[in-house]
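> Here is how the chains run, residue by residue.
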Amino acid sequence: MIFEIENLNFEYSSHIVLKDLNLSVLKGEFFSIIGPNGTGKSTLLRLMAGFLKPSRGNIKFMGYHLQKFNPLELARKRAFVSQDNFINFPYTAYEIVLMGRFPYLRNFQIETKEDHDIVRSAMEKTSTTHIATRSITDLSGGERQRVMIAKALAQNPSVLLLDEPTSGLDINYQIDIMDHLRLLNRHEKVTIIMVIHDLNLAGQYSDRILLLSKGRTYATGSPEEVITEQNIEEVFSLKVNIDKEPERGFPRLMLISRVL
Amino acid sequence: MKYSLFLYTPLFLLLLIIIILISISVGSVNISCFEIVDMCFGSLKEGQFPQSHWDIVFRIRLPRIFLAILVGAGLSIAGVAFQAFLRNPLADPYIVGVSAGAAVGAGLSFLFKLNLLFHVISLTPVAAFMGALFTVFIVYRLSLVRGKVPVETFLLSGVIVGSFLWALVSFVMFLSREDLHRLIFWIMGSLAEKNWTDVFLLLPYLLTGSIILWMNSRALNVMTLGDEASHYLGVEVERTKFILIIASSLITAATVSVSGIIGFVGLIVPHIVRMIFGSDHRVVLPLSGLVGAILLVFSDTLARTLLVPMEIPVGIITALLGAPFFCYLLRKRKFSFF
Ligand SMILES: Nc1ncnc2c1ncn2[C@@H]1O[C@H](COP(=O)(O)OP(=O)(O)OP(=O)(O)O)[C@@H](O)[C@H]1O
Ligand SMILES: [Mg+2]
Numbered sequence: 000m001i002f003e004i005e006n007l008n009f010e011y012s013s014h015i016v017l018k019d020l021n022l023s024v025l026k027g028e029f030f031s032i033i034g035p036n037g038t039g040k041s042t043l044l045r046l047m048a049g050f051l052k053p054s055r056g057n058i059k060f061m062g063y064h065l066q067k068f069n070p071l072e073l074a075r076k077r078a079f080v081s082q083d084n085f086i087n088f089p090y091t092a093y094e095i096v097l098m099g100r101f102p103y104l105r106n107f108q109i110e111t112k113e114d115h116d117i118v119r120s121a122m123e124k125t126s127t128t129h130i131a132t133r134s135i136t137d138l139s140g141g142e143r144q145r146v147m148i149a150k151a152l153a154q155n156p157s158v159l160l161l162d163e164p165t166s167g168l169d170i171n172y173q174i175d176i177m178d179h180l181r182l183l184n185r186h187e188k189v190t191i192i193m194v195i196h197d198l199n200l201a202g203q204y205s206d207r208i209l210l211l212s213k214g215r216t217y218a219t220g221s222p223e224e225v226i227t228e229q230n231i232e233e234v235f236s237l238k239v240n241i242d243k244e245p246e247r248g249f250p251r252l253m254l255i256s257r258v259l
Numbered sequence: 000m001k002y003s004l005f006l007y008t009p010l011f012l013l014l015l016i017i018i019i020l021i022s023i024s025v026g027s028v029n030i031s032c033f034e035i036v037d038m039c040f041g042s043l044k045e046g047q048f049p050q051s052h053w054d055i056v057f058r059i060r061l062p063r064i065f066l067a068i069l070v071g072a073g074l075s076i077a078g079v080a081f082q083a084f085l086r087n088p089l090a091d092p093y094i095v096g097v098s099a100g101a102a103v104g105a106g107l108s109f110l111f112k113l114n115l116l117f118h119v120i121s122l123t124p125v126a127a128f129m130g131a132l133f134t135v136f137i138v139y140r141l142s143l144v145r146g147k148v149p150v151e152t153f154l155l156s157g158v159i160v161g162s163f164l165w166a167l168v169s170f171v172m173f174l175s176r177e178d179l180h181r182l183i184f185w186i187m188g189s190l191a192e193k194n195w196t197d198v199f200l201l202l203p204y205l206l207t208g209s210i211i212l213w214m215n216s217r218a219l220n221v222m223t224l225g226d227e228a229s230h231y232l233g234v235e236v237e238r239t240k241f242i243l244i245i246a247s248s249l250i251t252a253a254t255v256s257v258s259g260i261i262g263f264v265g266l267i268v269p270h271i272v273r274m275i276f277g278s279d280h281r282v283v284l285p286l287s288g289l290v291g292a293i294l295l296v297f298s299d300t301l302a303r304t305l306l307v308p309m310e311i312p313v314g315i316i317t318a319l320l321g322a323p324f325f326c327y328l329l330r331k332r333k334f335s336f337f
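Quick mapping for you: the protein sequence lines, in order, are chains S and B.
Per numbering that gives the first Met the number 0, the first sequence runs over residues 0 to 259.
Per numbering that gives the first Met the number 0, the second sequence runs over residues 0 to 337.
Since the hints were made in silico from the structure, they are not lab data.
With a Cα cut of at most 30 Å, we get these calculated DSBU-like pairs of lysine-lysine:
| id | chain 1 | residue 1 | chain 2 | residue 2 |
| --- | --- | --- | --- | --- |
| 1 | S | LYS18 | B | LYS147 |
| 2 | B | LYS147 | S | LYS52 |
| 3 | S | LYS59 | B | LYS147 |
| 4 | S | LYS59 | S | LYS188 |
| 5 | S | LYS52 | S | LYS18 |
| 6 | S | LYS18 | S | LYS238 |
| 7 | B | LYS147 | S | LYS67 |
| 8 | B | LYS147 | S | LYS76 |
| 9 | S | LYS76 | S | LYS124 |
| 10 | S | LYS124 | S | LYS112 |
| 11 | B | LYS193 | B | LYS112 |
| 12 | B | LYS147 | S | LYS213 |
| 13 | S | LYS52 | S | LYS76 |
| 14 | S | LYS188 | S | LYS67 |
| 15 | S | LYS67 | S | LYS26 |
| 16 | S | LYS213 | S | LYS243 |
| 17 | S | LYS76 | S | LYS112 |
| 18 | S | LYS188 | S | LYS76 |
Derived, one-sided and incomplete: chain B residues facing chain S with beta-carbon distance under 8 Å:
| id | residue |
| --- | --- |
| 19 | ARG86 |
| 20 | MET214 |
| 21 | ARG217 |
| 22 | VAL221 |
| 23 | THR223 |
| 24 | LEU224 |
| 25 | GLU227 |
| 26 | ALA228 |
| 27 | HIS230 |
| 28 | TYR231 |
| 29 | LEU232 |
| 30 | GLY233 |
| 31 | VAL234 |
By construction, the Cβ of each residue, glycine as well, lies at the ideal position given by its N, Cα and C atoms.
Go ahead and model the full structure; you've got the sequences and the hints to work with.
Encoded structure:
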């Protein structure tokens, strides 16, 4: 069990966001969190990453209370890819990815060959090798997103938390990144927990999905159990058509205009 | 990046030594470089050169040059740190009101004639130092919300406290009519009439502060990505920020208290170094120190030689030299900090 979350409540200065949330994520799972804007998906992810502290309830990470870990220990076990990643210092993409090695290095230790190898391999996996020497401030949104994913990979995490990792990417890179995450998940047993708005991707890649609605669990389970016409209509107040992808059987979703 | 440190440090050191030699030799009395080298290495026996030359070199010019090195290096290093952890290219060591606090302290010391206490020691530096540190303390406390100090809040309360204190300074000026020019000169910043005592007073603060900052330079790199991203990479964000604030404010407060407010160095040198060497703070911090030292020794030499026998406040020189040079670099190199 990677995460066990019991009765989690969270509020930002009296604005209640998460209510009585219970959740467990298994080791090696590909787990997705879906739900409308502002329901608390990013908040939940930040709580799981230990950046925010629960108002009530508790989060266990790898069997221990999350609070017991110090930031450095956490950084060697989990990495986080944020929803927005504005950087205004002109580091090269390579330098940014190299920062992923921060939790493994002492103050004055110079990065070893191994660190550089890890960085290079992380950049290969995210197809960012060709932009390694460019300044992070000059990159397009999608390129920057991939560099940030590479930085997270360079942390060698056993859990990877991602907040909408595909949001700025074209379809080619969406599948590229998702495939890499999937391979990482299957071959290196990295647990993947991601917030994602694209329900087709969520349905295709996830082992399990959590559907959040107004800070509460609306449904959890396999993609077929969660992504149903009824659930989606209820939570997003939008009519959709869902069928089965003929070859592999994951739910396939068609959005329908409200006016046409 | 790490190679640039080994490559350029000797180069800059050499440049610094050359500028120091020039600076020792020029002034109201010109002393040749060879004579200075001879004096230093003792190949000339006493009496082979005028005692007055010895005094000028070792009692007047050298302490002043060393002070310029320390102040220039200190302001630049503190500037690098402030820009990095505030994630703001406009930040300089004075951004959070340290200078205003020091000026209030200095102003009060003039007002109460503490500068002439016992006719020997001046309490002005002490008062300025206290004023500066007290200001940082207030600003830090003001921006502390539920155990965290968001950099935007810190920056904003620094600017507000600063402008409040500048109003106080004006009020002190208004009260202290006959001492007005002293305060104005103090605010303009100057390295004139300094001796070895000032150098040795400043040194421990500068060394401690700079070493602390350099030891945190990898964390400083990460902090430029933001508090949240730093946390995910394993930085104890609030603790590190506190240490960084203490170290860089200590450096700034110490320099301001001996030299007054010398603008522009702490703003411009970090940018120049980053433009040329990138943003790795393990490299940027020490090289900024060197470049800052070179810039200030050079400026101060101009300040005391251009209009002999008058002294131009060195802050005027740093701004007059620095701004055009910076604009030149800005146009020449594509630089995306902004
Ligand atoms: N720092 C903050 N302070 C106060 N309220 C916040 C803060 N961050 C988020 N909120 C509020 O908490 C609620 C949940 O925000 P959260 O970012 O978790 O939503 P989300 O599900 O990730 O939405 P999106 O799909 O738009 O990313 C929102 O109502 C938001 O306004
Ligand atoms: Mg979100």
